[in-house]
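Student: Put together the whole structure using the sequences plus the hints.
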Amino acid sequence: MDVSFPAPRFRIPVAPAAVLGVLLILGLVVWVGCTALRDDPAEEAHLAWQEGGPEIEESNLALSGHPAEAGGAGAAATEHAAPTTGPVVVSVVGKVARPGLVTLEPGARVADALAAAGPLPEADLAQVNHAQVLQDAQQIHVVGPGETPVEPGGLQSGDGTGDGGGGSSGAAGGAVNINTASASELQSLSGVGEVTAAAIVDYRDSIGGFSAVDQLLEVSGIGPAKFAQLEGQVTV
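Position in the sequence shown counted from 1, then plus 40, gives you my numbering.
Note that these hints are calculated values from the structure, not bench results. Every residue, glycine too, gets a C-beta built ideally from N, C-alpha and C. Be careful, since some hints might not be right.
Okay, the calculated beta carbon distance ranges per label pair [as the list claims (entries may be wrong)]: (1) His170 with Glu258: 37 to 43 Å; (2) Val129 with Ser222: 24 to 30 Å; (3) Gly261 with Gln175: 39 to 45 Å; (4) Ala252 with Gln172: 33 to 39 Å; (5) Glu162 with Thr125: 34 to 40 Å; (6) Val173 with Ala265: 30 to 36 Å.
Tutor: Next up, the structure:
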């Protein structure tokens with residue numbers, strides 16, 4: 041008699057199968073989550089900032105219109121850049137052949153201005169500092185023998201206060217006191233030569249001194265146009 045036995049079957053216990061299923065599901069969830077994070081633009085931007093933070097920050101500052109913050113040292117260097125300089129214009133008066141304005145290059149000295157103006161034979165050049173570096177709007181007064189040198193701006197040499205007292209021709213702001221100035225000092229004024237300076241002194245002596253600046257209009261050789269030049273340079 042033949043007996044048939046069923047083929048053996050492989051069975052997994054229920055408890056281990058459940059654990060394996062849970063692990064598979066968890067692995068799938070973790071894999072999906074990692075993939076999503078890897079493709080997240082915000083995460084990529086964050087990683088890019090960490091890798092090149094300073095460069096990105098400076099670039100953003102430059103694009104936002106704040107070059108002073110983005111430039112750093114470069115902006116400071118621009119702020120302290122040396123200003124450009126132009127020609128130096130000075131006035132040369134007194135014992136010179138060509139009195140008036142002289143235009144020179146920056147860094148020029150008094151000797152250069154004298155060479156351009158042409159000192160006269162009677163000029164006392166020992167009273168002038170030939171090595172002094174010129175400044176724009178400076179005035180150089182070349183005197184003759186025995187005359188008192190006048191500092192640029194009409195102040196008498198040695199009197200930097202310019203208070204107009206004690207025989208000084210200077211006044212505050214560099215104005216010339218027409219009651220105390222000598223003829224040579226008056227020649228430091230714009231448009232005043234030897235003849236006009238002598239006329240001012242003669243008229244001053246005849247009236248006992250000026251009481252107002254506009255009395256210069258009564259001096260021979262001084263009209264409204266010349267007075268307009270002198271008004272801001274003189275005082276009483």
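Student: Take the hints in turn and mark each one as holding or not.
Tutor: Hint-by-hint comparison with the structure:
Between histidine 170 and glutamate 258 the beta carbon distance is about 40 Å. The supplied range of 37 to 43 Å therefore holds. Against the hinted window of 24 to 30 Å, the Cβ-Cβ separation of valine 129 and serine 222 comes to about 27 Å, which satisfies the hint. Distance hint for glycine 261 and glutamine 175: a CB-CB separation of about 31 Å, inconsistent with the stated range 39 to 45 Å. Judged by the Cβ atoms, the range 33 to 39 Å given for alanine 252 and glutamine 172 holds: they are separated by roughly 36 Å.
Our hint of 34 to 40 Å for glutamate 162 and threonine 125 holds, since their Cβ atoms are close to 35 Å apart. Taking 30 to 36 Å as the suggested C-beta distance range, the pair valine 173 and alanine 265 conforms, at roughly 34 Å.
Violated hints amount to a single one, hint 3; each of the other numbered hints is respected by the structure.
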